[in-house]
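In terms of full-length UniProt numbering, the sequence shown opens at residue 1 and continues consecutively.
Treat the hints as calculated values from the structure; they're not laboratory data.
For each residue, glycine too, the CB sits at the ideal point set by N, CA and C.
No farther apart than 27 Å at their CA atoms in a straight line, the calculated lysine-lysine pairs in the DSS-like style are these:
1. Lys357 <-> Lys450
2. Lys159 <-> Lys173
3. Lys193 <-> Lys367
4. Lys405 <-> Lys387
5. Lys42 <-> Lys87
6. Lys152 <-> Lys43
7. Lys387 <-> Lys87
8. Lys444 <-> Lys193
9. Lys223 <-> Lys320
10. Lys394 <-> Lys409
11. Lys450 <-> Lys193
12. Lys405 <-> Lys394
13. Lys141 <-> Lys24
14. Lys418 <-> Lys87
15. Lys409 <-> Lys426
16. Lys466 <-> Lys337
17. Lys152 <-> Lys162
18. Lys387 <-> Lys426
19. Lys165 <-> Lys151
20. Lys318 <-> Lys242
21. Lys42 <-> Lys72
22. Lys284 <-> Lys298
Per label pair, the in silico range of CB-to-CB distance:
23. Gln334 <-> Glu238: 23 to 33 Å
24. Ala489 <-> Glu271: 49 to 59 Å
25. Gln182 <-> Gln356: 17 to 27 Å
26. Lys357 <-> Asp90: 49 to 59 Å
27. Phe56 <-> Lys357: 51 to 61 Å
28. Gln460 <-> Leu385: 56 to 66 Å
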Amino acid sequence: MAAERIFDRAVSVRARGCGCEERKLNIRVNVELLSISNPVHKKDLAVRLTDDTDPFFLYNLVISEEDFQSLKSQQGLLVDFSAFPQKFIDLLQQCIQEQNKDIPRFLLQLVSSAPALDHTPVSLNVVETNPFKHLTHLSLKFLPGTDAEIKKFLANCLKCLKEDKMMLEEKLKKTEEDLTRQLSYTQQSLSEKSRELDKLKNEWTSYTTALSNKHSQELTSEKERALQAQTQYQQQHEQQKKELENLHQKSIQQLQNRLSELEVINKDLTERRYKGDSTVRELKAKLSGLEDECQRAKQEVLSLRRENTTLDAECHEKEKLINQLQTRVAVLDQEIKDKDQLVTRTKEVLDATQEQKVILEESTEEKQRHIEKLETTIKSLSAELLKANEIIKKLQGDLKTLMSKLKLKNTVTIQQEKLLAEKEEKLQKEQRESQEMGQSLRMKEQEVCKLQEQLESTIQKLEESKQLLKTNENVITWLNRQLSEVQMAKKLDTPASAHAAGRAAGSPLSMPDRPSFHSSGISHPISPLYAFQNFLEPTHSKNGNSQCPAPKASTSTFFSLSLQVHLNSQLSKLSRCSDAHTVPAAGHTANKENGEQLGLDPKYFKRKDDSIPLRGLSQNTLNSEYLRPYLPTKAQPCPKAAATPASAYFPG
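Whole structure, please, built from the sequences with the hints as guidance.
Structural data, given as structure tokens:
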């Protein structure tokens with residue numbers, strides 16, 4: 001006797017006894033085809049009802065072809081015996097599909113004549129419900145199992161459980177061995193990765209600390225250099241200011257001395273005026289000449305004020321230079337701050353990459369577990385496929401002997417092919433999932449590579465910033481050298497200015513060369529002192545107190561003519577050199593034939609009580625020929641002329 005299992009599933013059944021309410025039971029329905037070859041070859045349908053919770057719950061039904069014919073005639077069935085098992089299974093599957101609904105369309109009823117299911121015959125009804133009526137499609141009567149049948153069923157169950165237990169134990173052993181191997185391998189790889197991570201962390205911390213130390217040292221050095229440069233500039237500015245103030249005070253003292261001398265001369269002149277009444281007319285004529293001279297002196301004052309404005313512009317340019325250097329220092333500080341921010345960002349990127357690495361490792365472990373589960377399912381599927389192949393072989397052997405029941409065999413093979421197709425689809429899905437997992441792993445590796453490239457790029461940017469800082473330091477040192485060279489040039493040009501002024505005195509219209517430093521890129525005037533030294537006139541003979549032996553009228557006219565020539569030359573030179581920062585010095589020729597110094601006779605200076613002291617004249621007016629006899633021989637530069645009215649210079 002050969003048994004072929006067709007259906008074996010748990011189904012929810014509504015059990016109803018005589019005079020009792022309905023209750024739901026989960027009953028396992030087992031449908032088998034029994035083929036008997038001795039003495040005559042025939043096939044029977046065996047249906048068994050069991051309960052997984054109650055091992056003594058057993059109901060059997062065996063339907064032969066003769067029994068089926070009587071069942072067919074009783075219940076009006078339209079199906080042959082060969083197609084009946086499949087139709088019965090279809091009805092059971094429809095009941096299974098509808099069992100979870102509130103109002104199922106198909107349901108199974110287990111009806112007993114006794115109040116309880118206690119070893120009494122039972123009928124299993126397949127009922128279709130509709131709003132009008134409950135239709136019973138099929139009603140099968142089951143007999144309770146005898147003690148021998150129950151013992152046989154329990155023995156079979158025990159045997160199956162033991163076989164399953166053995167299989168599961170073998171699988172467990174295999175899986176434990178595989179898992180222990182994988183665990184050891186993963187632990188080794190984890191230890192290696194953790195060591196590498198520790199090494200990388202140590203290297204990175206040392207690198208970052210070294211970088212931060214370098215940046216802090218460079219910052220402190222830059223700040224010290226900037227402070228030193230600022231203090232140097234401030235000291236230079238204060239020194240220049242003090243020098244200019246000293247020069248101004250000296251010039252004021254000289255002018256005051258000159259004023260005292262002039263007052264003495266004025267006293268002499270007033271005495272001479274009272275002594276000589278005959279010279280009154282000449283004095284009136286000279287007064288008119290003096291008024292002309294006063295107007296010319298006013299023009300000269302205007303020119304000196306212009307010179308003051310040019311000197312102020314030069315001072316502003318120097319202040320701008322200092323501000324530019326301060327802004328450069330601020331820019332360097334800002335760049336250093338940016339570099340610090342870059343370092344912090346790279347640290348954050350590293351932390352993020354480490355977190356991503358940990359997440360990736362966790363995801364890979366999960367994927368490996370999933371793959372192991374898939375492998376176990378594939379092994380179980382392969383075992384099932386082998387069983388299916390054995391069943392197919394048996395069916396092929398039966399086909400040669402049982403050609404009459406080809407239809408039933410075909411249906412069974414179709415179902416098996418469907419099951420195979422479903423299992424193949426499951427296999428393909430698992431393969432696709434494994435491929436997707438591999439692709440995701442590759443994507444994660446690519447992301448790790450990209451993050452490493454970003455790290456390398458940030459390190460390159462740090463090196464470039466270092467090079468930039470070095471170039472900035474070189475530029476600052478170069479500027480310091482240029483400033484020191486300019487200061488040395490100032491010191492060297494002070495004795496050489498006298499020689500240059502002597503050359504300028506040789507030709508009255510000649511202009512001093514403007515100094516320029518092509519190597520350093522500086523084409524503007526160096527300092528107000530340098531420009532003022534170029535502006536000085538050449539020194540002449542030192543006989544300051546010698547007077548002209550010429551007549552008085554001729555000396556006054558000659559004085560007025562020389563003053564006019566001097567002012568005209570000064571005005572023409574100022575108009576031609578309005579864009580330049582330095583003003584050329586104009587020389588005046590002395591009377592070489594007589595060997596005399598041009599100047600005004602002391603008797604023409606008279607005392608005025610309402611006169612204002614002579615202040616604010618620049619060194620150019622003091623160095624002119626008509627005032628040189630009353631001044632000291634050495635010329636002193638004056639940085640700024642006070643803005644005093646013209647009446648202060650020439651009273652009356």
